[in-house]
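Participant: Chains as they are written, first to last, in the UniProt record's numbering: chain A, 1 to 330; chain B, 1 to 396; chain C, 1 to 461; chain D, 1 to 333.
Derived by calculation from the structure, the hints in this document are not laboratory data. Be careful, since some hints might not be right.
Derived lysine-lysine pairs resembling DSS-like cross-links, with alpha carbons at most 25 Å apart [said to hold, decoys possible]: (1) D:Lys241 - C:Lys169; (2) D:Lys241 - C:Lys163; (3) C:Lys124 - D:Lys241; (4) D:Lys12 - C:Lys124; (5) D:Lys237 - C:Lys163; (6) C:Lys124 - D:Lys220.
Derived DEER-like restraints, expressed as beta-carbon distance ranges [said to hold, decoys possible]: (7) D:Pro89 - A:Gly141: 57 to 63 Å; (8) A:Pro171 - D:Ile31: 42 to 48 Å; (9) D:Leu182 - C:Glu175: 55 to 61 Å; (10) B:Glu353 - C:Glu175: 49 to 55 Å; (11) D:Ile22 - A:Gly169: 39 to 45 Å; (12) B:Ile190 - C:Glu417: 19 to 25 Å; (13) A:Val319 - D:Lys237: 26 to 32 Å; (14) D:Ile22 - A:Gly128: 15 to 21 Å; (15) D:Ser51 - A:Thr24: 55 to 61 Å; (16) C:Glu185 - D:Leu182: 20 to 26 Å; (17) A:Val4 - C:Glu185: 57 to 63 Å; (18) B:Ile190 - C:Arg435: 31 to 37 Å; (19) D:Val142 - C:Gly414: 50 to 56 Å; (20) C:Gly161 - D:Val142: 40 to 46 Å.
Partial list, derived from the structure: chain D residues whose beta carbon lies under 8 Å from chain A [said to hold, decoys possible]: (21) Pro89; (22) Leu112; (23) Phe115; (24) Leu119; (25) Val123; (26) Val147; (27) Ile149; (28) Ala155; (29) Ala161; (30) Leu272; (31) Arg289; (32) Asp290; (33) Ser299.
If you're wondering where the values come from, they're calculated on a predicted model, not measured in any experiment. For every residue, glycine included, the Cβ atom is placed at its ideal position computed from N, Cα and C.
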Amino acid sequence: MKEVLTFLARRSIQGIFVVWGVITTVFLFRVISPTNPAQLMAPDDASPELVRQIEEDLGLTEPIFVQYVNYVIGVVQGDLGFSYMTNTPVLRRILHALPGTLELAVAALLFAVIVSIPLGIFSAMYRGTKIDSTSNLVSLGGVSTPNFWLAIMMVLFISVQFGLLPTSGRPIGLGEATGLLVFQGDFGGLSSWVAHMILPTIALGTYFMALLFRLTRNGVLEEMGKEYILAARGKGLPEPLLMYRYVLRNSLTPVVTVTGLQLGGLIGGSVVVESVFAWPGLGTLFIRSLNVSDWPMMQGILILVGAGYVLTNIAVDFVNAKLNPQVDLA
Amino acid sequence: MTPKILKVRDLTTRFFTDAGQVNAVSGLNFDLGQGEVLAVVGESGSGKSVTGLSLMDLIEAPGEITDGEIWFRSPQLADELGGQKEKEKEVVDGEYVNVRAVSPAIRQSLCGTEFGMIFQDPGAAFNPSLTVGEQIAEAVECNKRLDRGDTYGLLDLIRDILSPKSSFVSSESYERAIELLDRVDIPDPIDRVDEYPHQFSGGMLQRAMVAQALASDPTVLIADEPTTGLDVTIQAGIVDLLRELRVETGMSILIITHNLGVVSEIADRTAVMYAGELFEVGPTPQVFERPANPYTDGLLGSLPDFDDPNARIEPIPGNVPNLLAHEMPSGCSFADRCPKATEECAEINPPLEDLTEGDDHRVACLHAETTRRVAELSVESPIRADSRVDSGVTNE
Amino acid sequence: MSERTSPERQRRNRTAPDTENEDEGEKTRSESVTPLLRIEDLRKHYVDKQGVAEWVLSKDPGRVRAVDGVSFEVDRGETVGIVGESGCGKSTLARTILGLHEPTDGYIEFAGKDVHEQIASDRKRFARRAQIVFQDPSSCLDPRMTLREIVREPLDIHQVGAKAHRNEKVTELVERVGLSTDQLERYAHEFSGGQRQRIGIARALALDPELIVLDEPTSALDVSVQAQILNLLSELQEEFNLTYLFISHDLSVIRYLCDRVVVMYLGQVAETGPVDAVFERPAHPYTKILLESVPGARNRIGEEAIKSDIPSPRNPPRGCRFHTRCPVVLPPSKYGMEFEQDAWQGIFEYKLRLRSGRLGRERATELAELTDNDGNEETTAKEAVRDSCSIPRVLSDSTAEELLDQSLSALVDGDSEMALKIMNADFESPCEQERPAVVDIDIDTDHRAACLRASDEEGEQ
Amino acid sequence: MISDRTRTSLKKELRSNAVATIGVILLLSMIVMALFAPMLAPHDPTDQDSSRNHQPPVFFGGEEEETTRMIDGEIRTVTESNVGSMTHPLGTDSNGRDVLSRTIYGARTSILVAFSAMLVSLVVGTTVGMVSGYYGGNTDTVLMRFVDIVLAFPALLITLAMIGVFGSVNVDIPDPLVVSGLVSGRPTHLTVPITITLAISSVIWVWIARVARGEAIAAKNEEYVIAARTMGMSNWKIIWKHVLPNSITPILVLATIQVASIIIIESSLSFLGFSGTNLSWGYDIAAGRDYLGTSWWLSTVPGLFIVVTVVGINLLGDLLRDALDPGIQRGGL
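The shape of chain A in the complex, shown without the other chains:
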C-alpha cells in the first residue's frame, strides 16, 4: 500500500509538471497567433475605441506575464475562460461535447481490444496457416487505411447501397438512452444509440485494432521463444496452462502500454471521424473553433486532452507494474 502511494505521489508530481508544460504551450499558441480576438468579437463596423474597449475587457492590454499568471490561476481553479464567439464558459461547452467523444473513443477501444487480442493469440499459435496470413493481410490494410476514408466507404457501401444504419448525427446519448430504458421501458433510445454508434466506432477503431493485433501476435511469438517456456515444458506443464500463465501474461505488457497511450490517438482520430459523421463531440467543436480562431475553446480542449493523456499514462504504468512484478512501483 505504501509503495502504491509513493508511486502515485511520484507520478502525480511528474504529471503536474507535464500538465503545466501543456498549459504553457497552449497559452503561447494564443499569444503567437496573429488574430486579434477583440477584432473578431466586435461587430464588423465597430469603431477602434470599441475594439480597444473589448481588448481591455478581455485583459489583453495587460503585460504578457500577468496574462499568463492569470490564465494559469484560472485553469487551476477550473476556469477555462469564455468563448470568443458565443461568450459562454468554455468548460460548460466542453463538458457538453465530451460524452459524445468519450462514448466513441471507449467504444472504439473496446471494439479493437475484443477483436484484436484473441485474433492475435490465435494467429501466433497457428503461425503460417491461412488464418494467420489472412489476419496479417487484414491488419496491414487496417494500419494503412485513413479512418475518414474507411468511414466514407462504409457509408457508401452500407448506407448508400443498402440503406442500412444512419450515417450522421448523435440524436441521443448513452446516459439518456439508458434512462429511457430504465424509467420508461423504452428500447427505442438505446437501439437508436447503437445504430448511430456502429459506423463511427468501426471507422475509429480499425486502425487501432490492426495495431493491437500486430502487437499481440508479435508479443506472443516472442514470448514463445523464451527459455522459461522451454523450462516449463521440461517440467511437464500442460500446454493450455503454459499458454495462459506463461505466454499470455507476459506478452500483455506492450499491449497494455499501447492501449493506454492510443487513447490520445483515438481522441485525435475522432476529430476526422466526427467530421464525417457530423458527430457532436470535442473534434467537431475543435474544428469549429479553429475556423473562427476561438482560442479559449481550443486551449480548453487541448488542456483537457493533455491532462487526460497524463492520467492514462499513470494508469498504464500502474497496471503494468501490477502485471509485471519486476517493475518496481517505488
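Chain A is already provided as a structure; the job is to place chains B, C and D on it using the hints.
Facilitator: Chains B, C and D alone, transformed into the frame defined by chain A:
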C-alpha cells in the same frame, strides 16, 4: 557393473538456418550408468548443450533431431509397451524403451518425471511474473497429476480462469515446494517461496532451479552449465549440492560444462566433445591423466594451473570451428589444429573406438595410440598429471 | 579508517624497467622509486538519479558504494591482479583509474602526478600513457569499422606521424598480435572472439602506453583461446615494458599472469600482496574461502562453502564488510577467546537472521512444528531455533547462556524487537563495529590484509 | 552509412519475402508518379469542363443524354456523354476534371510533404535524441520533459492548432518539368504547404528523438565507445563516428514507418479543409463526399491511392525491421 540407465545411439541433431545446415550434434554414442555422473565437456559450439536439449526433446525449430535412438531403462514402461505388435523392435528392447520412437504423449510425460533439467541461465529459465515457489509447486503438481493420470485440458483451464479461488497448484504441492527449497539450502524458504525470480540472486536462483528439477524425483538429471556465470564461492556451493543429491537420491546426472575443475570434482566419467562429435569418453581420472585424444590433451594443457603457478600453458593454435555443414571438413574436424595430424586425418573421420579392451575408455582418433603413449611418458613427472586433474576454473 | 603506516615502504626487489619516452618531459628523477600508479583511499559512489519528483518529495537518493576506500600501488613493469566476485567494484575501480569516472573521493597518482589533473589539463596526453582492453569481444569493437580503421583510430586521434606511417604501424601491430594482414579490410563482426580480443590488444598498444588495464580480457573466451591470449599478453609485456592492471574473477588466471594481487570485497581491499604469498598463505578469511571454493583446486574443502549471498553494495554491512559471511567472526571481547568458535558462530547466525527480519515468532513456531517434538511448546520452539542456527543446547558461558535464553524467550513470545535488542546489546562482535585497518602480514613482501584477527595477531607480536 | 551486413540481410529478406517486394514496387511507383506527374497525367488536373462532368471510370457504364445549352449565344441541343471512356479512365469529377490526373498530382503533395516533414523530423529528432542520450543528466531531463509535453497532445490536434497559430502558409515553386518545356498544358507551379509540413514535423520528431535517445544510451555503454574515450576522442566526434552510425538503423526503420503516419495526417488535414493546395488526395475525397450517391468513384479512387501508398510504406517498414532490427516498436498516430 551398474546397469545403464540411458543408452544413446547415433544421436544427430541439425539446425536448418538461413546460412545453411548446422550439424550441431553428429552421431553421438554414449551410455549413462545408473547413479553415475557423466560430464560432457567441450568449448562453445561443441554441441554439448544441444545434446542435453536433445535428450529432453526440447529442440525447437529450426532445429531437429534427425537421427538416433535414446534407450531409456524403464521396465515398467517396457512392459506396458511390449504388447503392442507393430514396430515393437524399434520401441522396446528388454527393459529399455526407445524414447525417440514412443508416442509424443508418452515422451512428454517422461519430461518432468523421469528426466529433470537444470538450465544454464536460471534468470531466463524462470518466468519473471510468477513467484519461484509457485513455479516449483507447479512442477510438483504436474508430476502428481501424471501419477494420478489426470489430464489437463482447455476446459480445466477455462474453469481455473473463471473461478479465481481455484488454483492449479494444491496446497500440498506448495508445502512440498517449501521443503524442496529448504533441501537445496535456501535460507528462510518459508519467506522466499513467495518471492519473484528477480528478487533472487543468481546463486539462489540456480538452487531454486535444482529444487524445481528435484520436484519429480527424476531418474536422470540433465544439468546444462549449472555453474557458469556464478561467482566462485557460489559455484562451489552448487557443486557440493549436486554431489550430495546424487548420493542421497541415487539419480544419474549428466552434467554439461566447460569447467574442467567442476568435472574433476563431480564426474565419474567424462565425455569430451568437439564440433558436435564425441572425441573421447572414459573414466574421469583416466581421461584427465592419460588423455588419448590430442584435443583433450590440448584442452587440459590450455588451462592455467591454479595450484602450480610455474606450469606453462600450451594453447591449441587456431579457433573453434563453426558447424556449418558445407564448411566442415570431411575428415577429422580437429585436423587443422591438431599437432599430430597427418594427411590421413584430413580424409578419414575416425570412429569412436575402445582404446583398450574392457577399460571403458573410448576415443575417436587415428593417432590415439601414440597420443596415449606420449601422455604416459609425460606422466613420469607426476606433479603435472596431478595438477592437471585439479586445474581449471574458467567461466564465461 | 585504514591508516597507511608508512608511505616510504620498502619496495620490492623489482628493477623498474627503463621506459624510453623522450617526449615525456615530466619524467621525474625519482621515477625509479615512485610507483607508476598509486591509489590512495579511492572512493567511487554512484548516486541514483534524482528526478523532479524525488526533489519535491525530498527523498534521499540511493547510493551504491562501488569503490569505498581502496589503496594500493602498481610498480613499473609488474602485473597486478585485482580479483573479486561480481559487485566487488573491480571494474569501476579500473574505469575510475583511467579517468572514465570522476572519483567521489581519494587520490589516483600516475607517474607521480594526479590523474584527474592530468586529464583536466590534457586528456589526450594521458590517453597515450594508459590504455584499456575490455571484456566483451562482441562489444569492444565498433561493428561498422574494419580492422584497419579500428587499429588506426588511436593514431588518427593523436595524429601520430604521416598517413603512410600510420598504415605501416597498423600493419606492424596487427602482425604482432598474431593476425594476418590479409584481414585488414574485414569488419569486426567477421572475426572470432579470440581474434577480436587480439584486435582490442593491438588498438590498446597503438599509442605505446605504459599502463594497460585488462578488464577481464579472457573471461568470455574458450579455454583454448584464453590460453593463446594469456601467452600473447605475457610476451607483449616483456617486449614493450608494459605494466598491467589485470582484473579478473578467475583465480587461476590471476595466479598464472600476475606478480601481485589485490583481493577486493564489496568495494574494499581485503588483502593484498605477492601472488604466491596470498595464494599460499592467505591471511583474510575471505581470501581463504575464495581459494577454497575454486572447483578442482587441491585444497578445496567442499563442506565449508558459504551458503549466504553477497550483500548489496547499495547498503553494505557496517564494520568489516565480510562479517555477514565470515566463518570466523570475533566473539565479543567480554566473553573472551575461550568462547567456542562454533557456538559463537551459531549465535551470530541467529543474530543475523533476527536482524534481517526473517526470524519472528511465527517462524520459530514453524520450526518447532518441523521438528515435531512433544512437550513444552516454548522450550520446543527455542530448541528448534537453536538447532536451525546450530547453537548448542547449552552454552559453556553461563552469562551468555542466560542472555541468549532471554532473547529466545522474547522471540518465542513474539517480541522479535526485544530479542534483537538483547542480542545487539550483549553479543556485539568487534567485527560489526570496527572497520578493520589494513595491517602488515609480511613487511618484506608487502603482504597486507584488512581483518581484525590479523590486527590482533599483529598486536600480540 | 549502410554496412555490408545490412545490405546482405536486406537482399536476403527481399528475395525470400514476395509480399515485401510488392510493397517496395508499390512505393516506388508512387514516388515515380509524384516525380513525373506532369508527364504521366493525361490531362491538366485543373482543367474544368462541365460538359463532361461526372463521367464514371471506363467500363463502368453511364449514359448519353441530350440537353439544351447556350453555346456561342445560340441555344443548341447537344449530346452530353457520361459514358466512361479511355480518355478519362478513372472518370471525371463534378467540374469535369480528370480524376486520374488529379490523383497523380495528389501523389505529389503527399510524397512532398511526407519526405520534407520526415527530413526535418530526422534532423531535429536525431540531434536531440543523440545529445540527450549521450550526455544524460540534466540535459536529458530537460529535453525529455519537453518531449513528454509534445507527446501529451494527439498528433492531429496539435497540427491543427499550429495551423491555427501560423495560418496556412504555402509557397509556390515553379514545376521544373513544365518550366523547362518538357511538358506543356500542365500547371506551372507546384505548391509546397509549409505550415502543414512544419506542423507535422513538430509532432513526428519526438518519436525519432525517443528512439535515437534509447540507441544513444545503449551505444554509450558499448565498450568501443568507452575505448574511444580512453583514447582521448572528443564527445562530439564520438557521437558522430561511433554512436550515430551504430544507432542509425533503428532510427531509419522508425522513420520509414512514420512516413506512413505523415501521409495519413496530411490527408486528414486536407480532408478537413486545411490543405494548402486543392491538388491533394484528402481534398478530393472530401469533395467527392457530396456525390456519394451518384459518383462513387470521386472519393473511392484517391482513397485507394492513399491505401496503396501506405501499404507500400508499411511493407517496406516491416521488411526493414525484420531485416535489420527485430526489436523496434511502432509508434502510433
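Participant: Which of the listed hints are broken here?
Facilitator: Per hint list: 4, 7, 10, 13, 16, 21, 22, 23, 24, 25, 26, 32 violated.
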